[in-house]
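Peer 1: If you read the sequences in order, they're chains B and E.
Per my numbering, the first sequence runs over residues 30 to 396.
Per my numbering, the second sequence runs over residues 30 to 396.
Derived from the structure by calculation, the hints contain no laboratory data.
These numbers were taken from a predicted model, which means no experiment stands behind them.
Ideal placement from N, C-alpha and C gives every residue a C-beta, glycine not left out.
You may find that some hints are simply not true.
What the hints assert, rightly or not - Taking lysine to aspartate or glutamate pairs in the DMTMM-like style, the calculated list, with each CA pair at most 25 Å apart, reads:
(1) E:Lys52 with E:Glu166
(2) B:Lys240 with E:Glu313
(3) E:Lys52 with E:Glu184
(4) B:Lys306 with B:Glu327
(5) B:Lys240 with E:Glu166
(6) E:Lys89 with E:Asp64
(7) B:Lys179 with B:Asp205
(8) E:Lys240 with B:Asp309
(9) B:Lys237 with E:Asp205
(10) B:Lys89 with B:Asp64
(11) B:Lys237 with E:Asp196
(12) E:Lys237 with B:Glu313
(13) E:Lys52 with E:Asp196
(14) B:Lys237 with E:Glu132
(15) E:Lys237 with B:Glu66
(16) E:Lys52 with B:Asp334
(17) B:Lys52 with B:Glu66
(18) E:Lys237 with B:Glu286
As the list claims (entries may be wrong) - On the chain E side, residues computed to face chain B include the following (Cβ under 8 Å):
(19) Tyr57
(20) Ser217
(21) Ile238
(22) Ile356
(23) Ser357
Number of protein chains: 2
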Amino acid sequence: MESRRIAIVGLGLIGGSLAFRLKSRGHYVTGFDVDPERANTALHLGAIDGVGLSLLDGVKDVDVVFVATPVGIVSEIVADIAPHVGQETIITDVGSVKRPIMENVSRMDLPVTFVGGHPMAGREQGGIAAADPNLFENAVYVLTPPIEPKGPWPEALAVLKRVIQGDLGANVTVMDAVTHDEVVAAVSHMPHVAAAAIVNALGQTAEKIPKALALAAGGFRDTTRIASGSPELWADICLHNSASVLRSVAYLQDQLEGFQEALLTRDAQGLEEFFGKARDLRAEVPAAQRGLIPSIYEVMVPVPDTPGAISAVTSLLASAALSLKDISIVRQREGEVGALRLGLADGASRDLALEILLSEGYRAYGR
Amino acid sequence: MESRRIAIVGLGLIGGSLAFRLKSRGHYVTGFDVDPERANTALHLGAIDGVGLSLLDGVKDVDVVFVATPVGIVSEIVADIAPHVGQETIITDVGSVKRPIMENVSRMDLPVTFVGGHPMAGREQGGIAAADPNLFENAVYVLTPPIEPKGPWPEALAVLKRVIQGDLGANVTVMDAVTHDEVVAAVSHMPHVAAAAIVNALGQTAEKIPKALALAAGGFRDTTRIASGSPELWADICLHNSASVLRSVAYLQDQLEGFQEALLTRDAQGLEEFFGKARDLRAEVPAAQRGLIPSIYEVMVPVPDTPGAISAVTSLLASAALSLKDISIVRQREGEVGALRLGLADGASRDLALEILLSEGYRAYGR
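Bound conformation, chain B alone (with noise of 0.2 Å):
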């Protein structure tokens, strides 16, 4: 493998991740940082080789440039860079939204060559802190190319490629900026304003029954864990993806209104089939992922709530080698501890999980 110069401008969660792996690999990573505390802190974690005394600095004389800023930045700092760096320096770049990007690129002319870049990584709120050389292994990684093809842009390509299947562990995926937002608009933009609203929602019930919060419980909870989401974030989110972000909202509310009209003329089967049709749906998910997303096969075990509770069953299963791809407490309420969801890679596992936790007494069934 040969060893790249590599900038990474932008060092939260992904900037720090890309820069942890791709040093890891061999790569001489330099970053850069409007918070110089941040940039130190990635070179004292080891995540980076240097820091760039300035955005220029940082790019200067290197092979690929990963812009890993907030998508409303992007453009500004591609321009901003683009005149400094080499004729063979390749720019991508990592935001949730690649439309207005590669429109507000293509219009620029650069002299070199920019493909658009997201890698689906779930993106927690960590920053560096919560960097993680792994975080992009197996996971979907879309590269958008340029809207005029033109230049060298096919070898980019393939040199990304390269480093993101190659070095990152990703599957990269190529896909136009107009088919990427619409599909990120439906699995991740609209449930997040739909988890958003439903909270808000139950604020209106609670301003005439206030203890209505006080009861909300765990199903509340679990359906609305991405309304805790940074507010500018998803904002500026919205705002950059808003023509596909509006489409994939007016489908919910279409299938609120149809869900309302049957439940108006009680409509029982058209009631079944609207959450029959979600069940069925939501089940083909995992399927649908030709082995990219890897279905999870289940085990339920009721557990007392007592510490070691948790620890005595993932022990039992390590035991026997069995790794979990999932794990969830089941809560009888809020907080309480009442069955734990395992969820294991294949039939086989699960079939051996059963077995092993069946013969020491637990109360295991699968699904």
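Position chain E relative to chain B; hints supplied.
Peer 2: Coordinates of chain E only, in the frame set by chain B:
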């Protein structure tokens, strides 16, 4: 504690859990289920002392009858058994919707006392196999007075309170049927409808872009987890609570329209307020619970996706007698382990957990 003769009609998760707990507390518990096999399983598992040969035989000469059937048939069951139980017998139910039941029962002018009930305990569709004697511990258990209170219902309420608080360990809240139904629509029914609508809306996008399903991420599955419930059950619940569900879904529509308006007018501040209000309101949920819902103090721990990785973390905390109130995997992508999200009971436990994990070399951080 005086031992009572208690009959349970319907031996699913709730009925089975009631049976296990009440029998273990020294009551004499008989059970009946339309499915004789389920009744025999309950007997075989030791959940009940005896099986009723028929519905009427099952409730003969008992002090309390718990009707734990689907909400749609509670009223008929009550009508069937009321004339055949003793004058002193108390009948109660566990239906998740109270107004129609209370209205039907009020019209019956029964010879015995009926008090509505709803244990607000997570309803996993596990059936008797998932029955758990601890299901109701610290759960909110709503009791609903008759619409036209008459006869010895205060005494009946007192008896049920003793059984529910003393034997089940739940917290009784007396609430009128209308208020109860508004609350459960807002905290449970509407979110279930929304989750199903979100999945079906993705389905509309997937009709144009099939790969959209394949790219659905962890956040999407978390948000729609409750959309995998039984369509029959949820159609039934919505039909029985239609007025409140329609009102709550209308609030959801209002919220979505407000969001659309803000996005169409590119009102960044309005969008931030929309997301910010949701985040703050959601954070209020546990605090508003006056201790019934303990809030969760979170610790994030990046872990490799290897057998034993999770066990190592949970064992470490168990060795310090720290009880996990919550545990889940933050997937960087569906099915892939990224970080463990641990929920602890209080700030002190979180700080101790952090200290232990950091001292063992984990890159853990609190939130």
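Peer 1: Give a verdict on every hint.
Peer 2: For each hint, the structure was consulted:
With a C-alpha separation of about 15 Å, the suggested pairing of lysine 52 of chain E with glutamate 166 of chain E holds against the 25 Å cut-off. A distance of roughly 12 Å separates the Cα atoms of lysine 240 of chain B and glutamate 313 of chain E; the hinted pair therefore holds under the 25 Å criterion. Using a Cα cut-off of 25 Å, the hinted pair lysine 52 of chain E and glutamate 184 of chain E holds, with the two alpha carbons roughly 23 Å apart. With a CA separation close to 21 Å, the supplied pair lysine 306 of chain B and glutamate 327 of chain B stays within the 25 Å bound.
Taking the CA atoms of lysine 240 of chain B and glutamate 166 of chain E, the gap is near 20 Å; set against the 25 Å cutoff, the hint holds. Using a Cα cut-off of 25 Å, the hinted pair lysine 89 of chain E and aspartate 64 of chain E holds, with the two alpha carbons roughly 19 Å apart. For a cut-off of 25 Å, the pair hint linking lysine 179 of chain B to aspartate 205 of chain B stands: about 15 Å separates their Cα positions. Between lysine 240 of chain E and aspartate 309 of chain B, the direct Cα distance comes to roughly 16 Å. Compliance with the 25 Å bound is thereby established for this hinted pair.
Proposed proximity of lysine 237 of chain B and aspartate 205 of chain E is supported: the alpha carbons are some 15 Å apart, at most 25 Å. For the suggested pair lysine 89 of chain B and aspartate 64 of chain B, the alpha carbons sit about 19 Å apart, so the restraint of at most 25 Å is met. With a CA separation close to 33 Å, the supplied pair lysine 237 of chain B and aspartate 196 of chain E exceeds the 25 Å bound. The straight-line distance between the Cα atoms of lysine 237 of chain E and glutamate 313 of chain B is roughly 16 Å, inside the 25 Å bound, and the hint therefore holds.
For the hint linking lysine 52 of chain E to aspartate 196 of chain E, the alpha-carbon distance of about 10 Å falls within 25 Å, and the restraint holds. With a CA separation close to 23 Å, the supplied pair lysine 237 of chain B and glutamate 132 of chain E stays within the 25 Å bound. For the hint linking lysine 237 of chain E to glutamate 66 of chain B, the alpha-carbon distance of about 46 Å lies beyond 25 Å, and the restraint is violated. Distance restraint check for lysine 52 of chain E and aspartate 334 of chain B: the Cα-Cα separation of roughly 21 Å lies within the 25 Å cut-off, and the hinted pair is therefore satisfied.
For the given pair, lysine 52 of chain B sits about 20 Å from glutamate 66 of chain B by alpha-carbon distance, which is consistent with the 25 Å threshold. The straight-line distance between the Cα atoms of lysine 237 of chain E and glutamate 286 of chain B is roughly 21 Å, inside the 25 Å bound, and the hint therefore holds. The beta carbon of tyrosine 57 of chain E is not positioned within 8 Å of any beta carbon in chain B (closest approach about 24 Å), and the interface hint is therefore violated. Hint on serine 217 of chain E holds. Least Cβ distance to chain B is approximately 6 Å, under the 8 Å limit.
A cut of 8 Å between beta carbons decides the hint on isoleucine 238 of chain E: the least distance to chain B is about 6 Å, and the hint holds. Taken as an interface hint, isoleucine 356 of chain E checks out: its beta carbon lies about 6 Å from the nearest beta carbon of chain B, inside 8 Å. Annotation: interface hint on serine 357 of chain E holds; nearest CB of chain B at approximately 5 Å, less than 8 Å.
The earlier numbered hints that this structure contradicts are 11, 15 and 19.
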